[in-house]
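Peer 1: So you can see what is in the structure, the chains are spelled out below.
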Amino acid sequence: MARPTKFEIKDARSGSGVTVSIAGELDMATAQTLSQHLDEHLSNGVTDLTLDLENMAFMDSSGLRLLIELNDRSQQQAWRLSMKLPKHESAALVLRATGADTALPFVGSVSG
Amino acid sequence: MSSTPARPPSREDKPLLTLVVEQNNSAPALARAAISAFCETRDVPERALATVKLLVSELVTNAVTHPDLEGPANVRLLARVGPEVIRVEVTDNGGGFDPIPHDPSRTGSGFGLFLVDKESVRWGVDKIGGTRVWFEVALDKAIDRLA
Numbered sequence: 000m001a002r003p004t005k006f007e008i009k010d011a012r013s014g015s016g017v018t019v020s021i022a023g024e025l026d027m028a029t030a031q032t033l034s035q036h037l038d039e040h041l042s043n044g045v046t047d048l049t050l051d052l053e054n055m056a057f058m059d060s061s062g063l064r065l066l067i068e069l070n071d072r073s074q075q076q077a078w079r080l081s082m083k084l085p086k087h088e089s090a091a092l093v094l095r096a097t098g099a100d101t102a103l104p105f106v107g108s109v110s111g
Numbered sequence: 000m001s002s003t004p005a006r007p008p009s010r011e012d013k014p015l016l017t018l019v020v021e022q023n024n025s026a027p028a029l030a031r032a033a034i035s036a037f038c039e040t041r042d043v044p045e046r047a048l049a050t051v052k053l054l055v056s057e058l059v060t061n062a063v064t065h066p067d068l069e070g071p072a073n074v075r076l077l078a079r080v081g082p083e084v085i086r087v088e089v090t091d092n093g094g095g096f097d098p099i100p101h102d103p104s105r106t107g108s109g110f111g112l113f114l115v116d117k118e119s120v121r122w123g124v125d126k127i128g129g130t131r132v133w134f135e136v137a138l139d140k141a142i143d144r145l146a
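Here the protein sequences come in this chain order: G and Y. Residue 33 in numbering that gives the first Met the number 0 is what sits at position 34 of the first sequence, and the numbering runs on without skipping anything. Residue 61 in numbering that gives the first Met the number 0 is what sits at position 62 of the second sequence, and the numbering runs on without skipping anything.
Take the hints with a grain of salt, since some may be wrong.
Said to hold, decoys possible - Pairs of lysine-lysine, DSBU-like flavour, derived with a Cα cap of 35 Å: (1) Y:Lys117 <-> G:Lys9; (2) G:Lys5 <-> G:Lys86; (3) G:Lys5 <-> Y:Lys117; (4) G:Lys5 <-> G:Lys83; (5) G:Lys9 <-> G:Lys83; (6) G:Lys9 <-> G:Lys86; (7) Y:Lys117 <-> G:Lys86; (8) G:Lys83 <-> Y:Lys117.
Keep in mind that the hints were calculated from the coordinates and are not lab data.
Could you build the full structure based on these sequences and the hints that come with them?
Peer 2: Next comes the structure, spelled out in structure tokens:
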């Protein structure tokens, strides 16, 4: 039987900035894990958060909801959020279908 | 994984997948793994598979998020590959949920059926004790334009 892809979070921190890279599938189960992980960074003085979704294998609207909430929080509070688009279709589809790929602060290849 | 025909296959019913998963937060991942494995052995194109995986995940998530108040329950997944579309049914035996595809809003609710409505060729909801939501995704991109 096929197993769900392993969910992995990797951090690269420099000063008050951190890049969090996601691998695996972001859904209702793993979004909770990621949310808690990001909360820890934000309560530990991170003011510049980059979410690298490039190698994420899958995302559904549970993951999207987390990204929307983060974006709202970054605007209400004093920290900066940017994200890198996923390259896999199974992760990019939910962003494209909802227009979140343009509504959320994704850094494109055209403009940073 | 159970992958046996529920009844003798007819000409239209090609391969069939049936899966029952417990209503908990690992159900979406299990359902996606099963539907992926099913599609990969049946030449479902990559793009259709991505759509099917997303919609299955949304519907199973809905079923898990709106559980039967009577206690633990199951989610049933059924998939069939036809000549032009893959048809998937997700059934819960619980209280069901509001079958209206809301616009995605900042409240974040209702993305699931919005996506089903947007990315499928056809879809519908039946009340059969529980709630059954079905959808069809075109195997060939050209069919999207005819729908």
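Peer 1: What hints, given by number in increasing order, does this structure fail?
Peer 2: none
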